Each structure stands twice: as structure tokens, then as C-alpha cells.
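Chain E is already provided as a structure; the job is to place chain S on it using the hints.
2 protein chains.
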Amino acid sequence: MRIAVFQGPLESGDVAQNLERLEHAAAKAAAGGAGLLICPEMFLTGYAIGPQAVAALAEPVDGPAAARAAGIARAAGIALLYGYPERGEDGQVYNAALLLDRDGQRRANHRKTHLFGTLDRNAFAPGEGPPTVAELDGLKIGILICYDVEFPENVRLLALQGVELVAVPTANMAPFAFVCRSLVPARAYENHLFLAYANRCGHEGELEYLGQSCIVAPDGVDLARSGAGEELILADIDPARIEAVRPHNPYLLDRRPELYGGIATPGKPA
Amino acid sequence: MRIAVFQGPLESGDVAQNLERLEHAAAKAAAGGAGLLICPEMFLTGYAIGPQAVAALAEPVDGPAAARAAGIARAAGIALLYGYPERGEDGQVYNAALLLDRDGQRRANHRKTHLFGTLDRNAFAPGEGPPTVAELDGLKIGILICYDVEFPENVRLLALQGVELVAVPTANMAPFAFVCRSLVPARAYENHLFLAYANRCGHEGELEYLGQSCIVAPDGVDLARSGAGEELILADIDPARIEAVRPHNPYLLDRRPELYGGIATPGKPA
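Each protein sequence line maps, in turn, to chains E and S. First residue of the first sequence: 1, per my numbering; consecutive thereafter. First residue of the second sequence: 1, per my numbering; consecutive thereafter.
One or more of the hints may lead you astray.
[As the list claims (entries may be wrong)] Pair by pair, the computed Cβ-Cβ distance ranges are:
1) V221(E) / G33(S): 37 to 43 Å
2) A27(E) / R2(S): 30 to 36 Å
3) E23(E) / N122(S): 57 to 63 Å
[Said to hold, decoys possible] Listed next, the stretches of chain S that the computed footprint assigns to chain E, with coverage defined by at least 3 CB atoms under 8 Å from CB atoms of chain E:
4) 155-167
5) 177-183
Please keep in mind that the hints were generated in silico from the structure rather than gathered at the bench. From a predicted model like this one, the values you see are computed outputs, not experimental measurements. From the three backbone atoms N, C-alpha and C, an ideal C-beta is built for every residue, glycine too.
This is chain E alone, in the form it adopts within the complex:
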């Protein structure tokens, strides 16, 4: 499957305008042959817009913005993954990402489990579920959001379930360029999977988003990487490439889970 990653600035607080961006990007990605378009974290509303604005714009997983996005998916004939503030059935607001297939049907909804600083904690409740996995045209896809992917545990859990592509809507800002440049390729390499990291660019308040969205192969090599500005990147996800690297370095088979009990032991570090 060919996939596309949209990197762009967003209109903070203007859902209608961001849905228009989504429509344009979906058409362009579909024209490029992509079957899935991945957009940044909190794509519909902007991210650092303050907890009140986030709460006011939060919608249920099947709210009106999702219905509009489903229409975009159907019209362009492309699956979509994008970030948005979700109003849960429990009344709480989650930093979420919704996966719709090309028929506009919901395939998955991931709630960010690892919240980043006060920016997240003041606005969102943490997701509590297991890692989110979905299937799309036979491809097994795991979904994480931004800070989630920086924890090796999360990508490992997805790899252990046979995930072939980890899709990561993100909003990564200065000074964390190491994450875009080095940590994300390391996650792909150490788990032998494809990883698509869809970042924002431009400014939002005091934040400078880094761009550098990328699609990385299971051998850690960039298949596509953005610069600092608006861009749509594409790459082909061929599971045969996973099978080609595994025998040289069979990390998943050589793991020794019986020695890893400390990883899952509750409590804070020494």
C-alpha cells in the first residue's frame, strides 16, 4: 500500500478550515496513488490552544467533524488518520486519533496514553486502553500519538502483535529534533516495522513545530522525509521488506521476556 503523510501548519481553533485542508490533502494524496493519508496530532483544532478551547471544540468519536471527514474519505477514496480532541462517553476530553477507511467507516480510535507535560495534562485525560491496532487492506496498523512513540515499550507492544506499520500523528516542537531525526528511525529498526511520523510545521503561540515528518523502513532508512515547511510525502509500504530484514537481526525472536519483569513492575524508578 502507498501511504501519504501531510505536514502543514493548521488554523488554531478553526475546525472548518482544517477540514478544508484535509479535503485538499486527501485529494492530492489519492491522486498520488495513496490508500491512506496520515495527518498530525490535534489536526482538526490545533494543539496548544488552551484547555478551554480544546474542551469547547471536543466532539464524540462519531460527531459532526467525523461525519464530515468520512465524507472526505469517501469522495477521495482514501483512508484517513487524523488527530482531534475527543469528548468521551465519560465526559472527559482525550487527545485522540481517528482512523476512517476509504468508505468512511471507523476502523480505530486511539487515545494518547502518555501525556506530555502540562500542555497535555491540563487539557486531556490519558487513554487507558491497550495499544491500538487496526487492519486496512490486509495491512496491520498500530496507532500512537506523539509522546507515545518516544517510549520503546509502546512500539514493542505493537510489534509483538504483528503490526507492520506504526502511524503516529504528532506535534513535536523545538528543542526535540532528536526525536524526529534519530528516535523515530530507531523505533522502526529495533522492531522491524514501517513507521510514519506526521508532524506539524509553523508556530502556535510560543511553540515552534519542527516538521521533519518521515516514513521510515524496517531497516531504519528514511523512505521519505519532509523539511521544515508544508509538504505531502508518499512512500510504499511493502511487508516483504520486513521479511527481508528479520533474518539478519531477529530481535523479536531473540527477546528474553523472562528477564524483563522489571519493565512492567509498577512504581517509580530509583
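Just chain S, lined up with the frame of chain E:
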């Protein structure tokens, strides 16, 4: 503490000559102000010398080569960490690394837990212990060998115990340059610790060792990095640098071990 990493070719199968190399490197590192010298995996004997040669040269942790190394440590006034084939009290041979302090006293002995392909499996039994931790002049040091460090679980387990420096004797060969260049810095960054990766260079049989030994800071930045040839590199390990990066990205505090049960669940992946 200033530390040194020795990268060099070795004399395959000639322990006496490799001990001479150790003596020279120890004197040079001590003259440069280092309190600890880290040498490659299987430093005393060479690595890809065949299971029979390995078994013939294997010595107990307190064997004659260790006694000679202890004398070198005392004479130069520097702690030493180096790889060697250990003949265990159970009669098995382990791919081990011995840490001696500047008085020649044994502080730790790590047995490689994650064996790499037939090269390791034909020659060694796997270590079964918990991650190896030692203290040296107030610095908390974790020890891993080569392939061990490629598993994020192992470095995480050390970080959770408060380790400040992970020292890794290695013998990493083509085509695995991604490990030297990207994976090792990622381990330092995602755990907020210093990491010293002491590799070989040159050839041994059909293997081409990559060099690229490095000492990486807790922010993922190289403090020192070798090229492809023989070299001694030095860097200062200042724990204050760990404290400086932690607040920006408190990975260890933001972990959610209650979600990580799958990491430690026995069984092979999907």
C-alpha cells in the same frame, strides 16, 4: 569521572599480546586523566575465532588473565572493563565482561544474556542473571555486551535502577552501522544516561568490524566518536548533565508500567 574507550584490532587467539595492548591502552588512558578504560567484547582472545578456540582459551573469572589485568589496573591506577570468554563454575563458557577497579579488585562480571546468531550460540551459554550494575567512585554503572544493548528492554532495566553510565564492550560488524550511528544514541536519549560503546575495528575472518566506538551524553549527543581505525577516545561523565535533561522530557517518570505487561509475557510474537 573521565572515561576512555579503546577501539582497536586484536590478535585473534593470542591472550598475551592482547594483554600487552591492554597495558598500553591503560597507561595512555590514565595519562589522559581517565578513571575507567572500556575495551571491546572478547578483547582478550578475539571473537570470531571458532567455538573450539574460545573454549580452549576460556578462563574462570579469577583466572590468570584476570590476575594479569588486575596488575595492569593497579600499575596504571585505572579501572578496566574488558570482554573475555569465561569458564563458569558450571563448566559452561560465557561471553563475559569483567570490571576491575583501580586496585585490581573485581567489581562486576557480566555474562551476555542476548546471544547473536550462530556466532554466539555455537560458542557460548547465555547469561541468566538480572542486568549487571556496579558502582565505581560513586558512579552507578550498568554493563551490557554488544547485542544486549540493541534491545531497549535491557537499557531500560538499567535506567530504572538509577544507572548513570551504561558501558558496552562490543564487536559490531558490517552491515550493522545503524546500531553504532543511531540505535546507541537513541538508547542514551530515551533513558537519560551516558552510554559508552567500545567496538573493534579491522577484520577477523570474514567479519569487518565497524569501529565507530562512541561516548554519548543523556541528550543523545556524541561526546566522542571514533572513525574506522585504532583510537582511544575520552569524555567526562558528569551526572549533573542527566539532571539537566530530565525535566524537559521525564521519560522515566512518565512511563506507565501498568500498560506494559505484554513486554514481559513469555512466548513468541504473532
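Hint check:
Between V221(E) and G33(S) the C-beta distance comes to about 39 Å, which sits within the given range of 37 to 43 Å. Look at A27(E) against R2(S): about 59 Å separates their beta carbons, and that is not inside 30 to 36 Å. Restraint check, E23(E) to N122(S): a C-beta distance of roughly 59 Å satisfies the suggested window 57 to 63 Å. By the rule of at least three residues with a Cβ nearer than 8 Å to a Cβ of chain E, the coverage given for the stretch 155-167 of chain S holds, with 6 such residues.
Under a criterion of three residues with beta carbons nearer than 8 Å to beta carbons of chain E, the stated coverage of the stretch 177-183 of chain S is upheld, 3 such residues being counted.
In the structure shown, a violation is registered for the earlier hint numbered 2 alone.
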